[in-house]
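Chemist: Chains as they are written, first to last, in this note's numbering: chain W, 11 to 469; chain X, 11 to 469.
Source of the hints: derived by calculation from the structure; they are not laboratory data. Any given hint might turn out to be false.
Since copy identity is lost for identical chains, a pair holds within one copy or between any two.
With a straight-line Cα cutoff of 20 angstroms, these simulated DMTMM-like cross-link-like pairs (lysine to aspartate or glutamate) come out [unchecked claim]: (1) K162 to D109; (2) K162 to D321; (3) K162 to D291; (4) K162 to D107.
Please read all numbers here as calculations on a predicted model, not as lab measurements.
Protein chains: 2
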Amino acid sequence: MDDADLRSWGPALVSTDPDVMASYSRDQSRFTEHALPEAVLAPASTEEVAEVLREAARRGLAVVTRGAGTGLSGAANAQRGSIVLSTHRLDSIVSIDPDEQIAVVQPGVVTGHLRAAVAEHGLFYPPDPGSVDSCTIGGNVATNAGGMCCVKYGVTRDFVRGLEVVLADGSIMRTGRRTAKGVAGYDLTSLLVGSEGTLGVITEITVRLVPRPAPPTTVLATFSTLAAAGAAVQQLTRAGVRLSLLEIMDRTTLSAIESMSPLGFDTGTAAILLAQSDDPDSASIAALAADVCRASGAEDAVVSDDGREADLLLQARRLALPALERLGDWLLDDVCVPRTRIVDLITSVEDIAAREDLVIGVFGHAGDGNMHPTIIYDEGRPDSRAAALRAFDQITARALELGGTITGEHGVGTLKRAWLGTELDASAARAHRLVKQAFDPDGILNPGIAIPEPWSPIA
Amino acid sequence: MDDADLRSWGPALVSTDPDVMASYSRDQSRFTEHALPEAVLAPASTEEVAEVLREAARRGLAVVTRGAGTGLSGAANAQRGSIVLSTHRLDSIVSIDPDEQIAVVQPGVVTGHLRAAVAEHGLFYPPDPGSVDSCTIGGNVATNAGGMCCVKYGVTRDFVRGLEVVLADGSIMRTGRRTAKGVAGYDLTSLLVGSEGTLGVITEITVRLVPRPAPPTTVLATFSTLAAAGAAVQQLTRAGVRLSLLEIMDRTTLSAIESMSPLGFDTGTAAILLAQSDDPDSASIAALAADVCRASGAEDAVVSDDGREADLLLQARRLALPALERLGDWLLDDVCVPRTRIVDLITSVEDIAAREDLVIGVFGHAGDGNMHPTIIYDEGRPDSRAAALRAFDQITARALELGGTITGEHGVGTLKRAWLGTELDASAARAHRLVKQAFDPDGILNPGIAIPEPWSPIA
Numbered sequence: 011m012d013d014a015d016l017r018s019w020g021p022a023l024v025s026t027d028p029d030v031m032a033s034y035s036r037d038q039s040r041f042t043e044h045a046l047p048e049a050v051l052a053p054a055s056t057e058e059v060a061e062v063l064r065e066a067a068r069r070g071l072a073v074v075t076r077g078a079g080t081g082l083s084g085a086a087n088a089q090r091g092s093i094v095l096s097t098h099r100l101d102s103i104v105s106i107d108p109d110e111q112i113a114v115v116q117p118g119v120v121t122g123h124l125r126a127a128v129a130e131h132g133l134f135y136p137p138d139p140g141s142v143d144s145c146t147i148g149g150n151v152a153t154n155a156g157g158m159c160c161v162k163y164g165v166t167r168d169f170v171r172g173l174e175v176v177l178a179d180g181s182i183m184r185t186g187r188r189t190a191k192g193v194a195g196y197d198l199t200s201l202l203v204g205s206e207g208t209l210g211v212i213t214e215i216t217v218r219l220v221p222r223p224a225p226p227t228t229v230l231a232t233f234s235t236l237a238a239a240g241a242a243v244q245q246l247t248r249a250g251v252r253l254s255l256l257e258i259m260d261r262t263t264l265s266a267i268e269s270m271s272p273l274g275f276d277t278g279t280a281a282i283l284l285a286q287s288d289d290p291d292s293a294s295i296a297a298l299a300a301d302v303c304r305a306s307g308a309e310d311a312v313v314s315d316d317g318r319e320a321d322l323l324l325q326a327r328r329l330a331l332p333a334l335e336r337l338g339d340w341l342l343d344d345v346c347v348p349r350t351r352i353v354d355l356i357t358s359v360e361d362i363a364a365r366e367d368l369v370i371g372v373f374g375h376a377g378d379g380n381m382h383p384t385i386i387y388d389e390g391r392p393d394s395r396a397a398a399l400r401a402f403d404q405i406t407a408r409a410l411e412l413g414g415t416i417t418g419e420h421g422v423g424t425l426k427r428a429w430l431g432t433e434l435d436a437s438a439a440r441a442h443r444l445v446k447q448a449f450d451p452d453g454i455l456n457p458g459i460a461i462p463e464p465w466s467p468i469a
Numbered sequence: 011m012d013d014a015d016l017r018s019w020g021p022a023l024v025s026t027d028p029d030v031m032a033s034y035s036r037d038q039s040r041f042t043e044h045a046l047p048e049a050v051l052a053p054a055s056t057e058e059v060a061e062v063l064r065e066a067a068r069r070g071l072a073v074v075t076r077g078a079g080t081g082l083s084g085a086a087n088a089q090r091g092s093i094v095l096s097t098h099r100l101d102s103i104v105s106i107d108p109d110e111q112i113a114v115v116q117p118g119v120v121t122g123h124l125r126a127a128v129a130e131h132g133l134f135y136p137p138d139p140g141s142v143d144s145c146t147i148g149g150n151v152a153t154n155a156g157g158m159c160c161v162k163y164g165v166t167r168d169f170v171r172g173l174e175v176v177l178a179d180g181s182i183m184r185t186g187r188r189t190a191k192g193v194a195g196y197d198l199t200s201l202l203v204g205s206e207g208t209l210g211v212i213t214e215i216t217v218r219l220v221p222r223p224a225p226p227t228t229v230l231a232t233f234s235t236l237a238a239a240g241a242a243v244q245q246l247t248r249a250g251v252r253l254s255l256l257e258i259m260d261r262t263t264l265s266a267i268e269s270m271s272p273l274g275f276d277t278g279t280a281a282i283l284l285a286q287s288d289d290p291d292s293a294s295i296a297a298l299a300a301d302v303c304r305a306s307g308a309e310d311a312v313v314s315d316d317g318r319e320a321d322l323l324l325q326a327r328r329l330a331l332p333a334l335e336r337l338g339d340w341l342l343d344d345v346c347v348p349r350t351r352i353v354d355l356i357t358s359v360e361d362i363a364a365r366e367d368l369v370i371g372v373f374g375h376a377g378d379g380n381m382h383p384t385i386i387y388d389e390g391r392p393d394s395r396a397a398a399l400r401a402f403d404q405i406t407a408r409a410l411e412l413g414g415t416i417t418g419e420h421g422v423g424t425l426k427r428a429w430l431g432t433e434l435d436a437s438a439a440r441a442h443r444l445v446k447q448a449f450d451p452d453g454i455l456n457p458g459i460a461i462p463e464p465w466s467p468i469a
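Let's have the full structure, built from the sequences with the hints guiding it.
Modeler: Have a look at this one:
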């Protein structure tokens, strides 16, 4: 772009520096297509976002909106002939209202910063994706991010009351409300949450907060068979044990963690469950959870109310992906199955790993059935790369067979785009295309993302 | 319609009996337009619904979908040249899965029946609109119904995982999922919840359930000033007191209840708050709630863990509308304001009542700020009728001024249609029209409802 081109974007910061553009050209996913954008734009106000969108529409350039780039499905990957609109300068916490238990924030606020800021008011913003200390709330809203809190608290959508959005034509729309309830019109807020940058650019978010919970009590249960761990998850649900966290890690994941940061997990352990309660009576809930685990066949179930021990255990859980990454190149999956089918899924993953001669670790949010099979392969070997892709597709297909979904929390992006049409029926696929067309008739917003293939604007 | 006409609807039950049609021509709202339909159709399967919609589209007849007719905004009122599609024969509980904590139900199931059926599995379906024993789950989903549970549990939308929907062209679409999490594509489920019959006919609903809570402990707090009651609501929130119910009734409502069913409320009482906790530690939470009420200026705050006493108090709360109805003709409002502005709203309602020389009782869900000002007037006197309408508009306007919404849980229907365009900005209003057009291009589904005026299909 020449100087006149650059000036036409309005007052937003523009960069066409190749190094900058390269670093803004993709998120943290693997196997997802990306290209150098035409420019990186960093507007600092809603009005600047609107100017950028109007100019992009005028030039027929696609707009890929980007938060912190921590996404895992390629939804923020630059496309050929696109600009990247980065929200990092829209980074104000506009207000925190302890009486209404809401906060108003711009999309570029780091999720961890929001959590810290509301904690000073005795409040809690639950959603906690793995990247909570670096991801931004705008990206969380765009992907409807989850995390470890969901078994008790739900996902990002459950905490979004209202939005300010710049639409494809540069017009500014407010959705939702500040009040606890409201049914005036369609729920455009929920439609926009998780729409992966395809319906508008979110410029302000009103989130619901909850009172800060009690310090948690933690349970670590170890199992010598997968089946026993699966039975424990089922029995914990059946018994109505009110947990705020219920995570699982399989043998492969534990062994990777052990070789990175020894915590003393037995090599005979097939899986562990990590559970927490943050209710006021967390001690008795945790004791009950431990009992249920033992009755389901746990080798051991240890309860701890020591904050440092709990942090250590959660830290081990957060090491799952980094530890697996040390074993080679990785491809991270994100499927969600009915809670009762977790063991079926993990067993299938073991079979697939053996068949394809790959290491695949499984960890995830057992309480929700949301699993992250992580395929380790060798990028330098085409056969290994091909095997990784085959394994990925087989796992995704198996999740659907088990009554699950292709993506529990990472989103469709470009990684699962080819699968979306399999999950959706023909009417739902058509409805997606029509909604996309209604919001973005020229198809400039993240074209092709989150829409079942083959994608094209409906004429 | 002649016999050939009647047969063309397929196997669905058809009635053109004027008495039947009259009884299906409106819901329980007042001041809402309605007309005799051309016919009442009662399909007994999804496929029959699809046939009805295809035939309606062929004939250019509008389709007004109706649950039990307990709505309060006129969204199920028959229109000129419409048929009424009643869901009462789609009344099966398809399945209840205790392990996944979900139930699959048809729309004609009475909400109270679903609650009773899942209770046998130790599970709880929280949404509890006032008409819970007669309304149907399909109507609840279509209006995103609330109730007294929302302060803890949320509204109907928070419990809907997935839907089967027949679209305007007769095609059948599934949205959502059975799993706890899932982000594959747009949240069409949330878009359809609360869409008041304008985007499709819901034929099956997958709802999320929760473990059955402990028996509640109840607090009754009486206040000699409205300001003290308002302060108590604010302090209960600030203190993070985890209530499962927080209701308010004003002096006018109490006095109406007292004259219908004497419970011994003091005539000096300006308002009462009724609170419950159903947490395992409900006794200590209720004690804390009573303390907070006293510290905020309550005359009295009584804690009870006696189930019969609690039932009696809730019964009194449920009498609010029937008791006010005895005073004359009534027009029920449903606004939601920030919790901290409840007193401002009630005070304004008192001013409006004085100015218009009307009795207006206020009761509602204090914990959510969702208030039901109930205007008593004389239908036989045009000046009284006009005053009621003026009061209604003034209350709605005041709710918006206070940062609230025109409808907290009853929906827009025909009653608040003229107000929707005031709450939505121009971009949001346009987005509503475009979404409507995407789903129902010929405008046969409940035309005009839930869409900002002036409504017409976009050419």
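Chemist: All the hints need checking, so say for each whether the structure fits it.
Modeler: Results for each hint:
With identical chains, the CA atoms of K162 and D109 are at most 20 angstroms apart between copies only, with a shortest distance of 16 angstroms across copies and 23 angstroms within one. In this homomeric assembly, K162 and D321 come within 20 angstroms of each other (Cα to Cα) only inside a single copy, at 19 angstroms, whereas the closest approach across copies is 29 angstroms. Within a single copy, K162 and D291 get their C-alpha atoms as close as 15 angstroms, and across copies as close as 18 angstroms, so both meet the 20 angstroms cut-off. Taking the shortest Cα distances, K162 and D107 sit within 20 angstroms of each other only across copies (19 angstroms), while inside one copy they are farther apart (23 angstroms).
Every hint, counting from the list given before, is met by this structure.
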